[in-house]
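**Q** Read off the chains here:
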Amino acid sequence: GAVVSQHPSRVICKSGTSVKIECRSLDFQATTMFWYRQFPKQSLMLMATSNEGSKATYEQGVEKDKFLINHASLTLSTLTVTSAHPEDSSFYICSARVGQGAGYEQYFGPGTRLTVT
Amino acid sequence: RKEVEQDPGPFNVPEGATVAFNCTYSNSASQSFFWYRQDCRKEPKLLMSVYSSGNEDGRFTAQLNRASQYISLLIRDSKLSDSATYLCVVNTGFQKLVFGTGTRLLVSP
Chain A
1 GAVVSQHPSR VICKSGTSVK IECRSLDFQA TTMFWYRQFP KQSLMLMATS NEGSKATYEQ
61 GVEKDKFLIN HASLTLSTLT VTSAHPEDSS FYICSARVGQ GAGYEQYFGP GTRLTVT
Chain B
1 RKEVEQDPGP FNVPEGATVA FNCTYSNSAS QSFFWYRQDC RKEPKLLMSV YSSGNEDGRF
61 TAQLNRASQY ISLLIRDSKL SDSATYLCVV NTGFQKLVFG TGTRLLVSP
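Protein chains in written order, with our numbering: chain A, 1 to 117; chain B, 1 to 109.
Distance windows between CB atoms, simulated:
hint: 1; chain 1: B; residue 1: Ala-67; chain 2: A; residue 2: Gly-16; range: 52 to 62 Å
hint: 2; chain 1: A; residue 1: Ala-72; chain 2: B; residue 2: Asp-77; range: 39 to 49 Å
hint: 3; chain 1: A; residue 1: His-7; chain 2: B; residue 2: Ser-68; range: 36 to 46 Å
Over the 12 Å line for every Cβ pair with chain A, so calculated as not near, a few chain B residues:
hint: 4; residue: Pro-14
hint: 5; residue: Gly-16
hint: 6; residue: Ala-17
hint: 7; residue: Thr-18
hint: 8; residue: Thr-24
hint: 9; residue: Ser-26
hint: 10; residue: Ser-28
hint: 11; residue: Glu-56
hint: 12; residue: Arg-59
hint: 13; residue: Gln-63
hint: 14; residue: Asn-65
hint: 15; residue: Ala-67
hint: 16; residue: Tyr-70
hint: 17; residue: Leu-74
hint: 18; residue: Ser-83
Rather than coming from a laboratory, the hints here were simulated on the basis of the structure.
Positions of the beta carbon are idealized from the N, C-alpha and C atoms, including for glycine.
Working from the sequences, and respecting the hints, build out all of it.
**A** Below is the structure:
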């Protein structure tokens, strides 16, 4: 399958600081990438859809000014958690879409575990 | 009602057993369906897509019943390495995947 990388894999930051997470498609170009968040023992929840060269589309309840998404190239999308708080501690996973229409598949990055102290 | 529902388990089975998971979805317009596998503290990995005609990949068989809006995954000859959480995933037609909470499988020696 397609390879998606994420960096960093783990980050600990202090409350009030900002953290940037990078998501890269390594062997393909991804016009669309997705950012998810997963709390312990819960399912993945879509935060936003990131389209190359345009503004991200955020899901209901996700603050776009807090979770800044930039998809500047066909292989890189970034998520910046601004003014992080302990409740933002979670597992953040990006994925990239391969294919078009109803038959597409999504491949996931290895995730970034964020801990805000 | 949740868009995608799964029995959380855990399903505890011995090696070599056959185990089946079901998943129901609420949106009848859903277009495509997948099973993902997620190991503890790791990202989900695509196990298989689910086609209307059913499909098999080695020890894994997936079935789709559109009339009843459920999807199944059958694992034959379970291995210890099959222990994981299995996520039922549905493309609801809005180009977004909706994930179930997962079914946890524990295969014991």
